[in-house]
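Line order of the protein sequences matches chains P and L. Its first residue numbered 7, the first sequence is counted upward by one per residue in my numbering. Its first residue numbered 5, the second sequence is counted upward by one per residue in my numbering.
These are calculated hints, taken from the structure and not from any lab test. Only a predicted model underlies this, so the values are computations on that prediction, with no experimental measurement involved. Even for Gly, the Cβ is constructed at its ideal location relative to N, Cα and C. There may be inaccurate statements among the hints.
[Stated by the list, open to error] Chain L side only, calculated, beta carbon under 8 Å to chain P, not exhaustive:
| hint | residue |
| --- | --- |
| 1 | Pro88 |
| 2 | Ala101 |
| 3 | Met103 |
| 4 | Leu126 |
| 5 | Leu130 |
| 6 | Asp264 |
| 7 | Phe268 |
[Said to hold, decoys possible] Derived list of chain P stretches under chain L, where covered just means 3 residues or more per stretch with a C-beta under 8 Å from a C-beta of chain L:
| hint | stretch |
| --- | --- |
| 8 | 90-100 |
| 9 | 113-122 |
| 10 | 130-136 |
| 11 | 188-200 |
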Amino acid sequence: MKLTRRLALRLGAVAAALGALALLPLWVSNPYVLSVLTLAALYAIFASSWDILSGYIGQLNFGHAVFFGVGAYAAGFLGPHLPPLLVLPAGALAAVFFAFLVGLPCLKLRGPYLSLTTLVFPLILERLAFTFRDVTGGEYGLRVEPPLSGLGLYFASLALLAATLAVLLAVAESRLGRTFRAIGDDDLAAMAAGINTTRYKLGAFVLGAALAGLGGVLYAYHLRHVGPEVFGLFTSFAIVIMGIVGGMGTIIGPAIGAYFLTLLGESLREIETYRLLVYSGVMILCVLYLPRGLWSLGEALPALARRLRRAPAR
Amino acid sequence: MLADIVIFGTIWGAIYTILALGFTLIFGVARILNLAYGAMYLVASYLIYTLVTRFGMPAPVAWLLAVAATAIAGMLLYRLFIFPLRDTLGRVLIVTAGMAIFLQEVAVLLYSTEPRYVPTLLPGSLEFLGVRITHQQLLTLVVAFALVALLHLFLERTRYGRELRAVAQDTEMASLMGIPVERTYLVAMGLSTALAAAAGALVAPFLTVSPEMGWSPLLVAFTVVVLGGLGSLGGTIAAAFIVAYAEMLTAYLISPQLRDAATFAIMIGTLVFRPHGLFGKGIVE
């Protein structure tokens, strides 16, 4: 893997932004603010890990909640029995198992058929979690005892977000990422060029799921609880909305979208019940007027700066 | 219990038939997979609730008004949000999903998440084979069959119907023959939403009306279309009844909470093992 200039630039920007967030507790000690920022970091992990399949290969996954939901339930089931450092890989492993379970039947499908099929997987798990209540606790779910303090969880989430973004950016900028993009642009052409599209699609499922599964464990620690609602329709849709608002196919964009929408949702606290109203409204506006998301605003900046620099010379 | 399964399976099969016909109509004609389809069912149900309980309208008037208003709303949504994006299937999917969530949250805003009740058109019930069937449920069955027959006549016998079928078969050729394709899409969208609204109106009295009620009909309609294929009325009806009986079997024999899961299993199973549907003329290319 080569460290291209673009990759170095993006990794540097991520390091700067996350570094600043890591220093924030020096000035801000309000636990509520830190808790919101922890949640934003976790959503950023989910949205950027969603992006590798949805943004790069272009297979819109409407059911990413399966992966982090399974990670969260893994924390609920195993938390009392395993040391915390083993719960994390167990969550990732459970998510990878489900990546095969969801990925294998979905490999034959593309476009809207894949999207609707991925949509129903978390719904099936939701129904099962409701029905088999002696294992899952039914609608009450399971209590999760976090092994970390709120501040510790904040740093753990940031660290996992940093690792997620680094891994995904490195993959996206590598030959592998170009192959993903080629499949996304035209999978028939990619197949004709000798690319085993099936294997790459499954690979993207597994990679995204493993990272989301790790995030799911922290998510359960953060909420101190895991219940069927983690598989709800809107958990999955919230991730899709964050990815689209942030800018699909850019890894960083969905993470920005996650922070933007989480903070927007919190700042409108009096209408918190209507969080999804705001989310879906912002997304519809984005699809119509800013199809490449907030990220394209960032891309427009250098061009704008160049134009401004050139202007005085005239 | 067997009688329950057969009777309620038949009633739901009839409802699923109209739901699926509306869904295939817009998909077959315009290739639009409308995820806001279930939201139209939701809009119609809340309209009826509002017209009857807040404005005191007589029920049949409210029913007709709600279906007509929802159809117009559907055409408006098509014009404003789907039309500009129609060339990319993925973005249509996203924007219609966004609309579905948005409309649902508007319902939460206006009516809260509390379930609402709509009075029945026909009170009373009768006993048949030891099963209590309400008159409303019988009416639903009759109206559903009447709607299917009317839709069939419309598609086969009228000028608009012929245009719709021509565009569904070959859009380019239809356009070369002077059929105004864009108008056909609008007609298809209106009819499609009217069918969703009619289904909503028919079941609202024996279900509760709540903001998240739109998702289940959407997924059922999609499943029936996947199973039954496009362009064959018989295939759609057969698939609708298969899904309805499978749901009732699951609900009565295993657990009522797993009713939806049966539909989901059929959807995934069909897409994976028989992507061309039961009758060979599937929607997956």
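Hint check results:
{"no.": "1", "hint": "Pro88", "in the structure": "holds, 7 Å"}
{"no.": "2", "hint": "Ala101", "in the structure": "holds, 7 Å"}
{"no.": "3", "hint": "Met103", "in the structure": "holds, 7 Å"}
{"no.": "4", "hint": "Leu126", "in the structure": "violated, 33 Å"}
{"no.": "5", "hint": "Leu130", "in the structure": "violated, 33 Å"}
{"no.": "6", "hint": "Asp264", "in the structure": "holds, 6 Å"}
{"no.": "7", "hint": "Phe268", "in the structure": "holds, 4 Å"}
{"no.": "8", "hint": "90-100", "in the structure": "violated (count 0)"}
{"no.": "9", "hint": "113-122", "in the structure": "holds (count 7)"}
{"no.": "10", "hint": "130-136", "in the structure": "holds (count 4)"}
{"no.": "11", "hint": "188-200", "in the structure": "violated (count 0)"}
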